[in-house]
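Novice: Could you put together the complete structure from these sequences and hints?
What follows is the residue order along each chain.
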Amino acid sequence: MIEGTDRNLLIQIEEGLWPVDRRGGPGKPHSGGLRLELESIRSSLFEGYTRRGFDEMFDEADRPRPHYARLYDRLVAMGGEELSRRHRLSDLILRHQGITFTVYGRDQGVERIIPFDPIPRLVTASEWEKIERGLKQRLRALNAFVHDVYHDRKILRDRVIPPDLVLGASGYRRECLGVRVAHDIYIHICGIDLIRDETGEYLVLEDNGRTPSGVSYVLKNRQVMKQVFPVLFETYAIRPVDDYPADLLATLRFAAPPSCGDDPCVAVLTPGLYNSAYFEHGYLARRMGVELVEGRDLFFDRGQIFMRTTRGPRRVDVLYRRIDDDYLDPLVFRPDSQLGVPGLFAAYRGRQLGLANAIGTGVADDKAIYPYVPAMIRYYLGEEPILRNVETFRPLIPSERAYILAHLEQLVVKAVDASGGYGMLIGPVSTRTQREEFARRIEANPRGYIAQPTICLSQHPTLIDDRIEGRHVDLRPFVLCGREIKVLPGGLTRVALPRGSLVVNSSQGGGTKDTWVLAELQDELRESGGG
Amino acid sequence: MLSRVAENLYWIGRYVERAENVARLLEVAYHLELDAAELREESPDASPLADALSVLACRDAFQQRAGAVLEREQVLEFLTIEPVEGHSIRVMLGRARDNARASREALSADAWDQLNSLFLEMRTSRARLRLQQSPLRFLEWVKRGCALFGGLVDATLPRAEAYHFLQLGRHLERANQIGRILQFGLPRLPALEALDPGTLSAMHWSNLLKSCSAHEAYLQHAHDQIDPVGVIGFLILDEGFPRSIRFCIDRCVESVESIEDDGSPQASDARRLLGRLSSELRYLDQRDLLQRGLQPYLVGLLVTCHRIGDAVHLAYFQTT
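As given, the protein sequences belong to chains R and C, one line each in that order. Numbered according to this note's numbering, the first sequence spans residues 1 to 531. Numbered according to this note's numbering, the second sequence spans residues 1 to 320.
Among the hints, erroneous ones may be present.
[Unchecked claim] Example chain R residues on the side facing chain C (calculated, C-beta under 10 Å, incomplete):
no., residue
1, His96
2, Glu234
3, Tyr283
4, Ala285
5, Val290
6, Arg308
7, Glu484
[To be verified] Derived CB-CB ranges, DEER-like:
no., chain 1, residue 1, chain 2, residue 2, range
8, R, Pro258, C, Glu257, 48 to 56 Å
9, R, Glu443, C, Ala109, 35 to 43 Å
10, C, Gln74, R, Asp465, 37 to 45 Å
11, C, Glu257, R, Lys130, 40 to 48 Å
12, C, Gln266, R, Arg302, 21 to 29 Å
13, R, Asp417, C, Asp110, 40 to 48 Å
14, C, His306, R, Arg302, 34 to 42 Å
Since the hints were made in silico from the structure, they are not lab data. Where is the CB? At the ideal position from N, CA and C, for every residue including glycine.
Specialist: Structural data, given as structure tokens:
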């Protein structure tokens, strides 16, 4: 879709067609007269804009929220045509840099760029402070839980979580019982999906503790925004995201087994070119300055894992593996796996190899376990959860099952072992046949499903052609657990591009936005009357 | 460096070089086609574009696809924007880009960006239009695109293994191509005696030089009209011209020496073969070439290049 766009566009824009803003820089209050003028232009850019659910930019009186005011002014001043020109340019940059993902299904192995929406999402410092605390708390509890499941199982013996839910989870790996990992950290990299309900409260929708992806888009989106909308950056003090690769590398090195020296050799293990997140694997490897390896580059010898290099074998100490548990080692898991390394599990078990994330962490992000995470937090940490879960009904409990079956039309039903927006029933937009089908499935396999009320996700102004409309968004922050727990400021804002859609997954037509966590200073400016 | 990545880089070097050579060959052939009136009088079935198919060893493949009749436009399309057949510039660039995609972390962002953009542009309808409107402009664009890739590699990659594997592939491929151009071109050329400018055989010889971008360089070197023996000597033995076989083999030797610079006393077969060929080219002169017979010598040279390719695989890509 970008192929028709000329490179000239890139040159034109870089050569100073920037509209010159004569209204003064950040912090200077605008004159009332100008605001009026802007209001009259607003009609075209925001024409037909309607609020549904919590709107990130506008309050109930349709006024921009204080921290969005300057962005709003800039957008209006720039106008729809200019915005969409720059939008095309950002697509061009993404395509030319090969920032693509692979779509499965219809046409096998088609490369697409994830649609990038140029209107950034803003999070204030105080909102972020709470999110950050909540995420750290959650990851500490999840790690304690995984350790417990594969060792003492106290939480099961104390009947906080039903044992069969845990032992029956598709992510549970019996082979990992008693396996020790460095510093008892299992989930080193976690993506925790947040949504905002109608009141604007941030809720945890799901945890991704296996191989969460998307962080490369966070880093790339920021770079693209800086190229295409530098003007917007002058308006805000935004917390940078660029430290992530260095933090990730430190986290991975911390996962090295005690047997290796001071300078562990880290590599990223990818399933290969045809994986949908291949771009990310290569990008992170490059930014960390480590090798990107495939299973066939590695081999097992005398208890250790080596990679084949032009100068012979070289020992690998830590793998940031982006291959699912099942495919890691054909000798232990799926014997038909072509992606893994025979012997890898033996090296891991023998503490000659660190894996991030550890094997068997799927037990913690199982959707059937999810309702128990608040209980986990209380159990292991003795704290109240800072971020709430979305209310969840479990078909295993007879009264809840009855409720689910009676209210399918209002609920979202999810298969516990599916992700990426597959295997879902969205009640309000479902057909009778679909509901009957899901009712049958739930009764046949109550362990396999959960149900949640259909939450109207918060919406955010989004560029649709050359106008701005509201589209629903979620937020996936990334949390690293090494020597300390670090949260990447911001994360991936995913946006459901079809009007009214609540599904933000990129495999289902979702796009992304740059997410700006505002530095403390910004809040002060705002309070002193800036916007 | 990972063997798999090294192999990818080596093939990027080879494929980009091959794409550029196809463009150059076609450019010369197309010029000649436009001058064909005079040519046809002397040898009625001469078709420079068909010759290009032969140099690239894909005449049969073309005829299987397009039939026995060699339409100029069809040959051009077949060797440029044809998406599936294994001989077009687009296919070469596609393979180079696939290799690059699978080892992006080893290339610089600039170099990747250039290769990726070039390939993507190649698939557009605009590229087809450009080819139809002016084949020469199209070919020029390809050559520049490839050269820009080479330049970005030079300007942005550290002189470490990644760079040397790219260079190794590039120069080995180039030596191969020059060898094939000479091998194919020589038998069609009239006797190896001094030529008067303006004659048809002088044109043949200058086209041979142009196929290697060597025309101007040769004239500067020889200060003379075109002397067939001098031309052959120049394209095989010149030390400083970037499209002579000796120059290419010397660069391969440098790359391999840097790659193997690990203090190990034992040289790989790849390094030995390259070293031997390099010193042979250094101490040969034009008379030796004629004495040995040009055709047999070129055949031997191409065989050695293939053996070097195999040895490179064994030495670096299949190490365990």
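Novice: For each hint, tell me whether it holds in the structure or not.
Specialist: Each hint, compared with the structure:
Taking 10 Å as the C-beta contact cut-off toward chain C, the hint placing histidine 96 (chain R) at the interface holds, the least distance being around 5 Å. The beta carbon of glutamate 234 (chain R) is not positioned within 10 Å of any beta carbon in chain C (closest approach about 26 Å), and the interface hint is therefore violated. Against a cut-off of 10 Å between C-beta atoms, the interface hint on tyrosine 283 (chain R) holds, since the closest Cβ of chain C lies about 8 Å away. Given hint, alanine 285 (chain R) at the interface with chain C, holds; its Cβ is 5 Å from that chain's nearest Cβ, closer than 10 Å.
Taking 10 Å as the C-beta contact cut-off toward chain C, the hint placing valine 290 (chain R) at the interface holds, the least distance being around 8 Å. Interface restraint check: arginine 308 (chain R) against chain C, minimum CB-CB distance 5 Å, threshold 10 Å, status holds. Interface hint status for glutamate 484 (chain R): violated, as the beta-carbon distance to the closest one in chain C is roughly 27 Å, over 10 Å. At roughly 40 Å, the beta carbons of proline 258 (chain R) and glutamate 257 (chain C) sit outside the given window of 48 to 56 Å.
Evaluation of the 35 to 43 Å hint for glutamate 443 (chain R) and alanine 109 (chain C) yields a failure: the beta carbon distance comes to about 54 Å. Between glutamine 74 (chain C) and aspartate 465 (chain R) the C-beta distance comes to about 42 Å, which sits within the given range of 37 to 45 Å. The hint said 40 to 48 Å for the Cβ distance between glutamate 257 (chain C) and lysine 130 (chain R), and at roughly 60 Å that hint is violated. The supplied range of 21 to 29 Å is met by glutamine 266 (chain C) and arginine 302 (chain R), whose beta-carbon atoms lie about 24 Å from each other.
Hint check: aspartate 417 (chain R) to aspartate 110 (chain C), Cβ distance near 43 Å, so the stated range 40 to 48 Å holds. The given range of 34 to 42 Å is respected by histidine 306 (chain C) and arginine 302 (chain R), whose C-beta atoms sit roughly 38 Å from each other.
Hints 2, 7, 8, 9, 11 from the earlier list are contradicted by this structure; the remaining hints agree with it.
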